Structures are given as structure tokens and as C-alpha cells.
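Q: In this text, residue positions in the sequence shown follow the working numbering: the first is 17, and each later residue adds one.
Just so you know, not all the hints are guaranteed correct.
[Claimed, not checked] Label-pair ranges, simulated between beta-carbon atoms:
1) LYS89 with ALA47: 43 to 49 Å
2) ALA104 with TRP80: 34 to 40 Å
3) HIS36 with ALA85: 28 to 34 Å
4) ARG53 with ALA85: 41 to 47 Å
5) VAL73 with ASP29: 16 to 22 Å
6) LYS89 with ARG26: 45 to 51 Å
7) ASN71 with ALA91: 26 to 32 Å
8) ALA98 with LEU45: 46 to 52 Å
9) THR33 with ALA97: 39 to 45 Å
10) TRP80 with PHE30: 42 to 48 Å
Don't read these hints as lab results, they were simulated from the structure.
Here the structure is a predicted model, which means the values were calculated and not measured.
C-beta: ideal position from N, C-alpha, C; glycine also.
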Amino acid sequence: MSTPNPIKVRRGDFPKTRTHSISNITSILVATFNQCRRSPARMEELKAVLKFAYNKVVQYEKDWKEQEAAIEKAAKEQAEAAAAAEQATTSGDDK
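Whenever a hint applies, use it, and build me the whole structure from the sequences.
A: Structure representation (C-alpha cells):
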């Protein structure tokens with residue numbers, strides 16, 4: 017890993033990912049940061065974009081978990097309703 021340089025960002029400064037699935041965005045972030053570093057206004061814009069993207073990721077994860085919980089709850093309720101219907105049908109046949 018390269019020695020961190022507070023003035024310029026290098027690709028090696030970023031954390032490594034197991035799947036390398038976001039290597040293209042890492043390259044874009046390095047280039048964008050290095051292009052914006054000389055301008056406080058550009059850095060503010062970069063920070064705003066990064067904060068927006070981060071918040072979208074957090075919201076997506078929250079929504080995904082809520083959706084999974086709702087699907088699990090609906091499946092459980094459907095299974096319980098089917099079991100109750102089966103039991104009602106079975107108990108009705110005994111008469």
C-alpha cells in the first residue's frame with residue numbers, strides 16, 4: 017500500500033474489496049477527488065454528491081430489510097391460513 021498523501025488520493029489509498037465489483041467507481045472517485053482538490057467550491061459539491069449517494073445506500077438497505085420482513089410475515093400468515101383451512105376441512109370430514 018502506498019504512503020497516504022494528504023494532497024492527492026491514489027487508488028491504493030482506498031480499502032480493498034473482496035469482489036473488486038466497485039473498482040470502476042474507485043477509479044472515478046480518485047480522478048474526481050484529485051480534480052476537485054484545488055477548489056473549495058468543487059470539494060463542497062463532491063461532498064454533497066457523496067453524502068447523497070451514502071444516504072441512498074443506507075435508505076436502500078433499510079427499505080430492503082423492511083421489504084424482506086414484510087414478505088416473511090406475509091408468507092407466515094399465508095402458511096397459517098392454509099393450515100387453518102386444512103384443519104377446518106379435515107375436521108369437517110370427520111363428521
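Q: Check the following: the C-beta atoms of LYS89 and ARG26 are separated by a distance inside 45 to 51 Å.
A: Given range 45 to 51 Å: holds, Cβ gap about 47 Å.
Q: Per the hint of 39 to 45 Å, is the separation of the Cβ atoms of THR33 and ALA97 within bounds?
A: holds (44 Å)
Q: Between ALA98 and LEU45, does the beta-carbon spacing fit 46 to 52 Å?
A: Given range 46 to 52 Å: holds, Cβ gap about 50 Å.
Q: Taking the Cβ atom of ARG53 and the Cβ atom of ALA85, is their distance within the range 41 to 47 Å?
A: holds (43 Å)
Q: Per the hint of 28 to 34 Å, is the separation of the Cβ atoms of HIS36 and ALA85 within bounds?
A: holds (31 Å)
Q: Given the hint of 26 to 32 Å, check if ASN71 and ALA91 actually sit that far apart at their C-beta atoms.
A: The hint (26 to 32 Å, Cβ to Cβ) holds, given that ASN71 and ALA91 are roughly 30 Å apart.
Q: Using the C-beta atoms of TRP80 and PHE30, is the stated range 42 to 48 Å upheld?
A: violated (25 Å)
Q: For VAL73 and ASP29, compare the CB-CB distance with the range 16 to 22 Å and indicate the outcome.
A: Once the Cβ atoms are compared, 21 Å apart, the range 16 to 22 Å for ASP29 and VAL73 holds.
Q: Using the Cβ atoms, figure out if LYS89 sits within 43 to 49 Å of ALA47.
A: holds (45 Å)
Q: Taking 34 to 40 Å as the stated bounds, is the beta-carbon spacing between ALA104 and TRP80 within them?
A: holds (36 Å)
Hint 10 from the earlier list is the only one contradicted by this structure; the remaining hints agree with it.
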